[in-house]
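Novice: These are the residues of each chain, in order.
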Amino acid sequence: MSQDATDWIRLEGVRVIDPFRGQDQEGDVLVGDGTFQEPTLSPRSRVRTMSGRGLWLVPRLTDMHVHFRAPGQEWKEDFQSGSMAAAHGGFSVVATMANTDPVVDSVSLIQWQKAEAQALGLVEVVPIGAVTKGLGGEELAELWTMEQGGAGGFSDDGRPVASSALMRAALSYSSTMRHPIIQHAEDLELSHLGVMHEGDVSGRLGLTGIPLEAESAMVWRDVQLAALTNGRLHIAHISSLGALEALAWAKSRGLKVTAEVAPHHLFFTDARVDSPAYDTATKVNPPLRPDNVRQALLAALKTGLIDAVASDHAPHHADEKDRPYAQAAFGISGLETSLAAMITIGLGEAEMTPLALFERMTRAPHRILGMDYGGVVAGARADFALIDPKARWRVEPAGWYSKGKNSPWMGTELTGRVISTMYGGHWTLQEGEVVRCVQL
Amino acid sequence: MDLISLNDWSDDDLIALLDLASAMKAVIRRPIKKVPTLRGKAVANVFFEASTRTRNSFELAGKYLGADVINFQGSGSSIEKGETLWDTVRTLQAMRLDAVVVRHGASGVPQVMAEHLEVPVINAGDGTHHHPTQGLLDVMTVRERFGHVEGLTVAIVGDVLHSRVARSDIEGFVRLGAKIRLVGPPSLMPSGLESQHVAVYADLKDGLAGVDVIQVLRIQKERQQSGQIPSLREYHDRWGLTQAALHWAQPKVLVLHPGPQNRGVEIDSQVMEDPVHSAILDQVENGVAVRMAVLYRLIGGEGVSA
Chain D
1 MSQDATDWIR
11 LEGVRVIDPF
21 RGQDQEGDVL
31 VGDGTFQEPT
41 LSPRSRVRTM
51 SGRGLWLVPR
61 LTDMHVHFRA
71 PGQEWKEDFQ
81 SGSMAAAHGG
91 FSVVATMANT
101 DPVVDSVSLI
111 QWQKAEAQAL
121 GLVEVVPIGA
131 VTKGLGGEEL
141 AELWTMEQGG
151 AGGFSDDGRP
161 VASSALMRAA
171 LSYSSTMRHP
181 IIQHAEDLEL
191 SHLGVMHEGD
201 VSGRLGLTGI
211 PLEAESAMVW
221 RDVQLAALTN
231 GRLHIAHISS
241 LGALEALAWA
251 KSRGLKVTAE
261 VAPHHLFFTD
271 ARVDSPAYDT
281 ATKVNPPLRP
291 DNVRQALLAA
301 LKTGLIDAVA
311 SDHAPHHADE
321 KDRPYAQAAF
331 GISGLETSLA
341 AMITIGLGEA
351 EMTPLALFER
361 MTRAPHRILG
371 MDYGGVVAGA
381 RADFALIDPK
391 ARWRVEPAGW
401 YSKGKNSPWM
411 GTELTGRVIS
421 TMYGGHWTLQ
431 EGEVVRCVQL
Chain S
1 MDLISLNDWS
11 DDDLIALLDL
21 ASAMKAVIRR
31 PIKKVPTLRG
41 KAVANVFFEA
51 STRTRNSFEL
61 AGKYLGADVI
71 NFQGSGSSIE
81 KGETLWDTVR
91 TLQAMRLDAV
101 VVRHGASGVP
111 QVMAEHLEVP
121 VINAGDGTHH
131 HPTQGLLDVM
141 TVRERFGHVE
151 GLTVAIVGDV
161 LHSRVARSDI
171 EGFVRLGAKI
181 RLVGPPSLMP
191 SGLESQHVAV
201 YADLKDGLAG
211 VDVIQVLRIQ
221 KERQQSGQIP
231 SLREYHDRWG
241 LTQAALHWAQ
251 PKVLVLHPGP
261 QNRGVEIDSQ
271 VMEDPVHSAI
281 LDQVENGVAV
291 RMAVLYRLIG
301 GEGVSA
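Respectively, the protein sequence lines represent chains D and S. So the first sequence is numbered by the working numbering: it starts at 1 and just counts up by one. So the second sequence is numbered by the working numbering: it starts at 1 and just counts up by one.
Derived by calculation from the structure, the hints in this document are not laboratory data. Treat each hint with caution, since some may be false.
Calculated pairs, SDA-like style, for lysine to any residue (alpha carbon to alpha carbon, straight line, at most 25 Å) [what the hints assert, rightly or not]:
| hint | chain 1 | residue 1 | chain 2 | residue 2 |
| --- | --- | --- | --- | --- |
| 1 | D | LYS405 | S | THR84 |
| 2 | D | LYS405 | S | HIS116 |
| 3 | S | LYS221 | D | ARG204 |
| 4 | D | LYS321 | S | LYS221 |
| 5 | D | LYS321 | S | GLY74 |
| 6 | D | LYS321 | S | GLN93 |
Sample of chain S residues at the chain D side, in silico, Cβ under 10 Å [said to hold, decoys possible]:
| hint | residue |
| --- | --- |
| 7 | HIS104 |
| 8 | SER107 |
| 9 | GLN111 |
| 10 | GLU115 |
| 11 | THR128 |
| 12 | PHE146 |
| 13 | SER163 |
| 14 | SER187 |
| 15 | SER191 |
Derived DEER-like restraints, expressed as beta-carbon distance ranges [claimed, not checked]:
| hint | chain 1 | residue 1 | chain 2 | residue 2 | range |
| --- | --- | --- | --- | --- | --- |
| 16 | S | SER191 | D | GLY134 | 36 to 44 Å |
| 17 | S | ASP12 | D | LEU355 | 53 to 61 Å |
| 18 | D | SER164 | S | GLY210 | 46 to 54 Å |
| 19 | D | ALA391 | S | GLN93 | 38 to 46 Å |
| 20 | D | THR49 | S | GLN93 | 56 to 64 Å |
| 21 | D | ALA165 | S | ASP11 | 53 to 61 Å |
| 22 | S | ASP11 | D | GLY72 | 52 to 60 Å |
| 23 | D | GLU245 | S | SER191 | 20 to 28 Å |
| 24 | S | PHE146 | D | SER164 | 54 to 62 Å |
| 25 | S | GLU234 | D | SER164 | 53 to 61 Å |
Ideal Cβ placement from N, Cα and C applies to all residues, glycine included.
Given the sequences, and given the hints that come with them, work out the whole structure.
Specialist: Here you go:
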């Protein structure tokens, strides 16, 4: 498709679902010079006009929890494949976790990650820095210095900050900053050797279980510490009833506590581990839960108790999954199914409005990560996804941009497809194909 | 056809197999045991986890039927040189074996191997999942003594959580119409096994009241180190099978143990050696017969009555 970089773009008759302004209405959208423009403006440049009929425009889809694996584990993912997967998934902002090798626990690695992403120009990467040096759980990393260098939050994700004293220190310190401590809540002694949810299915399959309480016990501790310190706590991939109760308690107290949920915890149950039996694509931490928990999580997303949706995109090489269940890697490659899975289940089963659903995937992660964005208004950077909300498609990871093909959705039919993604006024995805080598 | 868990097979198949195993038992009691039934067939025992009894039992079963049997040890082999499990499986396939007997410490491995392999896969124990030939030999032993299984009550005592034997016994006995009681410390009971045929008891006396069969599970010393039981002594005092405890069951109660036993912990020596109640050595003999029947059934053809 020939497109001059200076061309302006006019989308006519598109349904603009803009949670940043709280508006959902059909209209025209004009993009030029990298930003949204007043649709009534008569531009000096050439304008390419496209019909947006039947499509949804959602500004700045944000996945606040992804693993791009670089530096150090590029056989799983790197910034190019991860950024392409993000564009394919409709995202213009992602927050990358720090559990790389070496660990992102210094400002130089924060800056390196941002530079890698900027050179590719496919998605804005907000690096999350480690809470503790080397994820060692013993000494705080230089949180403020990393924040100055562009870190959007702090997490030892993959592991919890296990020490109560250190978690208290981290939350206390975060009360002076704009960005949250993101906790992967897991009592490692309760979850020891566990590979799936502890319940009927694990009992039947003879797999060691992880009880719900491995998560909820630590979340209760953490919200108490948030109260003690007035710190900013964000609960990653929430997956238990007890944690929902702790979250509600914290919010009722007016604490700075937020939470995200992953699409796979809303879509699948632990029964999926047995169907087909021992499918390692289902192995993820926290594990897939029983249906009563799944339904409670979905309800909490709808009410807003759970603030955000984040994929916990965790790509792995096939060899790391092609092992006995107990020895396979934890994680689901989620960037390229997240949006469709949420349209399918959030708008379907949960009967959320599109505006409410996309709020959890745009404005809420911005709020949590302390980022500002105006939405589809003149002057705001033109970041958006164009979605065909009716398209039905079958998940085929072999064709993905992510190196990680590990998906429990393989072969599943989902509703809602990203047609195009724009980032900074440039197409990063057109007609379902990633546009490479965009220079901003 | 594979044998991963007893639920893979129909009731008719199970009963036919038990009948076949009885015929096989007659074969191994002959002075010259070896029959040419599986001559020219090759069976691999692929054991990724240490085993003496089960491996020897499968090896003899194959040899008594005239098959060539190789033993493939998972440790000290290509696995330790970095070969993946599935590469090993493909290697076995290329050797033109007729059946693969597999034991692995991780639940689910035989099932996934069966999906990779065209030849029959026989589960010789996977993690804490299933051990179907043990379930069969236990059912066979009980059926031999009582003449039937239907209507009996079987207590399985001990560390059910970590027991693949318990899961296979439950399937086998329930399928043939028995009731199951799981008896032991709550910290060693999994969820998901209870049903209308399976009840859970914490108290040994309640659990053994009036039962026809007691299957005693091995208690591993690691359970003490991991804090699931306070001590082997206290375990013995509360759940160990003693002569006195036998009196809570019905007078002709049959005692089973899959072995190897910790005498004085989960079972007393006097109970093990009790000539009336203990069927522990019958289990071992029946194990060979059952495995002969399984091999015969899977690679020797169908519908044959010996």
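Novice: Run every hint past the structure and note whether it holds.
Specialist: Checked hints:
1. D:LYS405 to S:THR84: This hinted pair holds, its Cα atoms lying about 19 Å apart.
2. D:LYS405 to S:HIS116: 20 Å, holds
3. S:LYS221 to D:ARG204: 24 Å, holds
4. D:LYS321 to S:LYS221: 32 Å, violated
5. D:LYS321 to S:GLY74: 20 Å, holds
6. D:LYS321 to S:GLN93: Since the Cα atoms of LYS321 (chain D) and GLN93 (chain S) sit roughly 22 Å apart, the hinted pair holds (cutoff 25 Å).
7. HIS104: Where the cut-off is 10 Å and the nearest Cβ of chain D is about 7 Å from HIS104 (chain S), the hint holds.
8. SER107: Holds - the Cβ of SER107 (chain S) comes within 10 Å of chain D, reaching about 4 Å at its closest.
9. GLN111: 6 Å, holds
10. GLU115: With Cβ-Cβ at 8 Å, under 10 Å, it holds.
11. THR128: With Cβ-Cβ at 4 Å, under 10 Å, it holds.
12. PHE146: 28 Å, violated
13. SER163: 9 Å, holds
14. SER187: Interface hint status for SER187 (chain S): violated (13 Å vs cutoff 10 Å).
15. SER191: Status holds, d = 5 Å.
16. S:SER191 to D:GLY134: 36 to 44 Å: Holds, since SER191 (chain S) and GLY134 (chain D) (Cβ atoms, about 38 Å apart) stay within the stated range.
17. S:ASP12 to D:LEU355: 53 to 61 Å: At roughly 59 Å between Cβ atoms, LEU355 (chain D) and ASP12 (chain S) fall inside 53 to 61 Å, so the hint holds.
18. D:SER164 to S:GLY210: 46 to 54 Å: Since SER164 (chain D) and GLY210 (chain S) have Cβ atoms about 51 Å apart, the given range 46 to 54 Å holds.
19. D:ALA391 to S:GLN93: 38 to 46 Å: With a Cβ separation near 41 Å, ALA391 (chain D) and GLN93 (chain S) satisfy 38 to 46 Å, so the hint holds.
20. D:THR49 to S:GLN93: 56 to 64 Å: Cβ of THR49 (chain D) to Cβ of GLN93 (chain S): about 60 Å, so the range 56 to 64 Å holds.
21. D:ALA165 to S:ASP11: 53 to 61 Å: About 60 Å separates the Cβ atoms of ALA165 (chain D) and ASP11 (chain S), which means 53 to 61 Å holds.
22. S:ASP11 to D:GLY72: 52 to 60 Å: 55 Å, holds
23. D:GLU245 to S:SER191: 20 to 28 Å: 22 Å, holds
24. S:PHE146 to D:SER164: 54 to 62 Å: 58 Å, holds
25. S:GLU234 to D:SER164: 53 to 61 Å: 32 Å, violated
Hint compliance for this structure: hints 4, 12, 14, 25 are broken, all remaining hints hold.
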